[in-house]
Amino acid sequence: MPRMTNRSSDKDPRKTWETIGEEDPYCGTGGPTRTVPRTGKFAQPDLGLLDFIEPNTTLLDVGCGYGRNSIPIAEAKKAFVVACDISLSMSRSVRERRLPFVLCDLRKLPFRRSSFDYLVCSVVLIHLKRIEIDEAIAELKRVGKKCLIVMPNPLGRASLFGFIPFLVGPLIWIRKGWNSKLSIFSDIPCPRGYVVNFYLPWMFLELLENHFESVNPTYAKKDRAPHPYMTDRVLYICNNSEKIPCTTSDNGRAPNILTSLSAP
Numbered sequence: 001m002p003r004m005t006n007r008s009s010d011k012d013p014r015k016t017w018e019t020i021g022e023e024d025p026y027c028g029t030g031g032p033t034r035t036v037p038r039t040g041k042f043a044q045p046d047l048g049l050l051d052f053i054e055p056n057t058t059l060l061d062v063g064c065g066y067g068r069n070s071i072p073i074a075e076a077k078k079a080f081v082v083a084c085d086i087s088l089s090m091s092r093s094v095r096e097r098r099l100p101f102v103l104c105d106l107r108k109l110p111f112r113r114s115s116f117d118y119l120v121c122s123v124v125l126i127h128l129k130r131i132e133i134d135e136a137i138a139e140l141k142r143v144g145k146k147c148l149i150v151m152p153n154p155l156g157r158a159s160l161f162g163f164i165p166f167l168v169g170p171l172i173w174i175r176k177g178w179n180s181k182l183s184i185f186s187d188i189p190c191p192r193g194y195v196v197n198f199y200l201p202w203m204f205l206e207l208l209e210n211h212f213e214s215v216n217p218t219y220a221k222k223d224r225a226p227h228p229y230m231t232d233r234v235l236y237i238c239n240n241s242e243k244i245p246c247t248t249s250d251n252g253r254a255p256n257i258l259t260s261l262s263a264p
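When we follow my numbering, the leftmost residue of the sequence shown carries the number 1, and every step to the right adds one.
Read the hints as simulated data drawn from the structure, not as lab findings.
Possibly wrong hints are sitting among the right ones.
Ranges of calculated distance between the beta carbons of each label pair, as one might list FRET restraints [to be verified]:
1. R157 - D134: 26 to 36 Å
2. D134 - S241: 14 to 24 Å
3. K78 - E22: 25 to 35 Å
4. E23 - R95: 15 to 25 Å
5. H227 - E96: 31 to 41 Å
We put the beta carbon where it would ideally sit given N, CA and C, even for glycine.
Could you put together the complete structure from these sequences and hints?
This is the structure:
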């Protein structure tokens, strides 16, 4: 396991996640993920994503990892799913299942504008530095007609930080000048070399509303909670104003989505 240094957050993210993928490609996914390779089974998509995705559509899974969302969605919804990640080692399982895969950085996705009916980005933006978050959200909006963004909720029961906002949140807000657009915990360096940013749900909602026409925070139907902000992970359904015909072709072939030489 890589040792944490004072400059852990300054490491090349591609190298960091390649190293993590070699050591533990199921890092940070939660649940009994280590049994996956032995059973051949995959965990269900986050927050019941299947509830919000129509069949026979196109979908981009940004930061796909080992395919926790990509593979079940492709199988259950008969969707044309493209998976992308910054790390080859993290996404080994996706490539073994022969899903279309693109190695890329989410801040510069190599796809045309509104290429996909849906874009899924689950527990990925939490690992970006605070100064990078707006650029990343704008890029997600550019590529997906409807973006389904999952973020951990620091107020959720399962969060190790669930109690902290109530104890130290006000003090941190005072120190930061009561700026509601800042995350409570900014650019926290983790032992494996990546950074973490936790956002209170309404703060992250405000960030998304700066980019999308409408944003609806919700959660899986199976979660019995009176409000999305009381769940462990919040699903933000982000809608664009552009209405572009479905990119799937009549002959069932993959749509022409890669920009290659063309500009976004």
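Could you tell me which of the numbered hints above are not met by this structure, giving the numbers in increasing order? none
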